[in-house]
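Protein chains in written order, with my numbering: chain A, -12 to 467; chain B, 41 to 194.
These aren't lab readings, by the way, just hints derived from the structure by calculation. Heads up, the beta-carbon is just placed ideally off N, CA and C, and yes, glycines get one too. Fair warning: there could be bad hints in the mix.
[As the list claims (entries may be wrong)] Below, in silico cross-link-like pairs of lysine-lysine (BS3-like), each with a Cα-Cα straight-line distance of 27 Å or less:
# : chain 1 : residue 1 : chain 2 : residue 2
1 : A       : 307       : A       : 277
2 : B       : 116       : A       : 7
3 : A       : 125       : B       : 116
[Said to hold, decoys possible] Sample of chain B residues with no beta-carbon within 10 Å of chain A, all distances over it, derived:
# : residue
4 : 142
5 : 166
6 : 180
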Amino acid sequence: MAEPRLIEISPVTRVEGHGKVTIHLDANNQVDEARLHIVEFRGFERFIRGRLLWEVPVIVQRLCGICPVSHHLAAAKAMDVICGVDDLPPTAEKMRRLMHYGQVMQSHVLHFFHLAAPDLLFGFGAPAEKRNIFEVIKENPELGRRAIAMRKFGQDIIEATAGKKIHGTGAIPGGINRNLPVPARDAFLAVIDEMCLWAQDALALARRYTQEHDHLVAEFASFPSNHMSLVRDSDGALDLYHGKLRALNAVGGTIFEKLDYARYHEVLVEDVRPWSYMKFPFIKELGPEKGWYRVGPLARMNTVSFIDTPLANAALAELKQETSGAPNNSTLVNHWARMIEVLHCVEKIRELLHDPDLQGTDLRATGQRREEGTGVIEAPRGNLIHHYKVDENDTVTYCNLIVSTTHNNEGMNRAVKDVAVKHLSGQERITEGMLNHVEVAIRAYDPCLSCATHALGQMPLQIELFDADGGLLDSRQRSA
Amino acid sequence: MLVIGYGNAGRGDDGLGPAFAERILAAGVQDCAVDIDYQLTVDHALQVAGASTVVFVDAMIGVEGPFRFSPVRADKAADLTSHSLQPEAVLTLAEMLYDAAPEAFVLGIAGASFGEVAEGLSGPARRNLGQAEAFFLDWVRARPATTGAVMTDA
Chain A
-12 MAEPRLIEIS
-2 PVTRVEGHGK
8 VTIHLDANNQ
18 VDEARLHIVE
28 FRGFERFIRG
38 RLLWEVPVIV
48 QRLCGICPVS
58 HHLAAAKAMD
68 VICGVDDLPP
78 TAEKMRRLMH
88 YGQVMQSHVL
98 HFFHLAAPDL
108 LFGFGAPAEK
118 RNIFEVIKEN
128 PELGRRAIAM
138 RKFGQDIIEA
148 TAGKKIHGTG
158 AIPGGINRNL
168 PVPARDAFLA
178 VIDEMCLWAQ
188 DALALARRYT
198 QEHDHLVAEF
208 ASFPSNHMSL
218 VRDSDGALDL
228 YHGKLRALNA
238 VGGTIFEKLD
248 YARYHEVLVE
258 DVRPWSYMKF
268 PFIKELGPEK
278 GWYRVGPLAR
288 MNTVSFIDTP
298 LANAALAELK
308 QETSGAPNNS
318 TLVNHWARMI
328 EVLHCVEKIR
338 ELLHDPDLQG
348 TDLRATGQRR
358 EEGTGVIEAP
368 RGNLIHHYKV
378 DENDTVTYCN
388 LIVSTTHNNE
398 GMNRAVKDVA
408 VKHLSGQERI
418 TEGMLNHVEV
428 AIRAYDPCLS
438 CATHALGQMP
448 LQIELFDADG
458 GLLDSRQRSA
Chain B
41 MLVIGYGNAG
51 RGDDGLGPAF
61 AERILAAGVQ
71 DCAVDIDYQL
81 TVDHALQVAG
91 ASTVVFVDAM
101 IGVEGPFRFS
111 PVRADKAADL
121 TSHSLQPEAV
131 LTLAEMLYDA
141 APEAFVLGIA
151 GASFGEVAEG
161 LSGPARRNLG
171 QAEAFFLDWV
181 RARPATTGAV
191 MTDA
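Looking at chain A on its own, in the form it has when it is part of the complex:
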């Protein structure tokens, strides 16, 4: 009789940072348990304590090499509150929004074309040497050139608003430290229509993939869950920069509505499990079993009432038709949702570029000092919470961050289990293609594992098989 086995995928590839998947097979080769382990930044909240509040929006960008702007803005929003500023001058808020739309756009484009496209174009089970960006470009070089041009456009927006491509200083407590000069505005306007057309093409690609693979999409890591995001306070529209929290259940029922995000700790609990460094948040009133939720592009498409830009809103209506308006619970639909958000960001950038407030000179507000502040933003990967307390010397005494990947921890683990059960159970031999199915499910969430360390010499992937006694049965090392 076969012995129980443990399969490890370590680290998971084409996600940011390092993760490890362990899959336990029983004696009959049925998947008994599957878990995603994430090596998370554990020292960052401690690292922030003792820092001056003014420097926090800059320092927190060290958290992540992929979405530093999201941390920059979430921290700045929290520090606005501490500085007693509830309403920014229009120029400050619009410059921050421009920065954020540039960030979300370039992050989504990078993920879709570089990391997801190989799986979507060639199939999850295609040979590993085929599933990469070089093969995508070989078949469609124009797609590659467009992706890089769109990514660069977003990066240039970040540089123009934050001051630098990395470690920007644009957002400061209470405002912004620059406006957008007319020549820079005009340079962006010169290409914005092209960006919009390309965004529509990319969206069509993602939509077509989803619709042409409806059976796969319906069964692949598809399971009911709650969904949570910010929505615009006034009307429930998609708002990536600011709003109130809305949570819906798997069929669209309201869990909480227009909740002030400063009260996040009243409705969310961060559960701890002995086998993972990363916490498992859940909605308190529902408990850990029923209260876990997902965030990110698809969750946002599920929670928002509409999108306030016409092209993206029409695309949202098409997506919602797939489930007759009910929340869509299929993990792979995240790719379609991500491209809707790219189009939305391009539309918002165009709208802002035509707004003369971007050339305004009232950049910063002041107010009555407070001791505590929370800033929340919808980052590319989902809801991002920054919460700080400071003392009378402006020194940070408390820091709590809930990043998007942590919100999605339970969802990603369920996705891994779902795919492992469907694609690995009963198999005598585990192939690289089967393991990639598990990774595809994780990659759909575009998890950022908070690690920009990448020094030359590190090993990209190791897979190990262990028997029930912990003995190594097989080992595989992937270098590409």
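With chain A's structure known, arrange chain B on it following the hints.
Chain B alone, transformed into the frame defined by chain A:
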């Protein structure tokens, strides 16, 4: 010439690449554009395609001596497992998309302390950085003058 120093200065010696780039910026090397980034991504292919010579500067683990300087070429077998790319992959993209094949080198500077959330370089890393900088400046001075196109994105 284009120098790209990359790494995360918030992760100890992983910040060696940016620290080197800052020093080269301060040195004001003629005809040398400098870029600093967290990591190499696909859009660096466009930047690299506009340069005649590219030097990728990163922290390195397991290198003998203070640094290693070696030529690098496009390689389709390069690691593609993350948002972050290796120099070989960036050069491959530049070749495939823009028909560009700049002369390229990797300068790997040995680090000792990685993974912790910490600013600042370790003592050994600082010493290695100084030696790598001195070597690079000598190397640049010894090279014949070039007139290749340079993109600035620092």
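Verification of the supplied hints:
no., hint, verdict
1, A/307 to A/277, "holds (24 Å)"
2, B/116 to A/7, "holds (26 Å)"
3, A/125 to B/116, "holds (11 Å)"
4, 142, "holds (16 Å)"
5, 166, "holds (16 Å)"
6, 180, "holds (22 Å)"
When the structure is compared with the earlier hints, no violation turns up for any of them.
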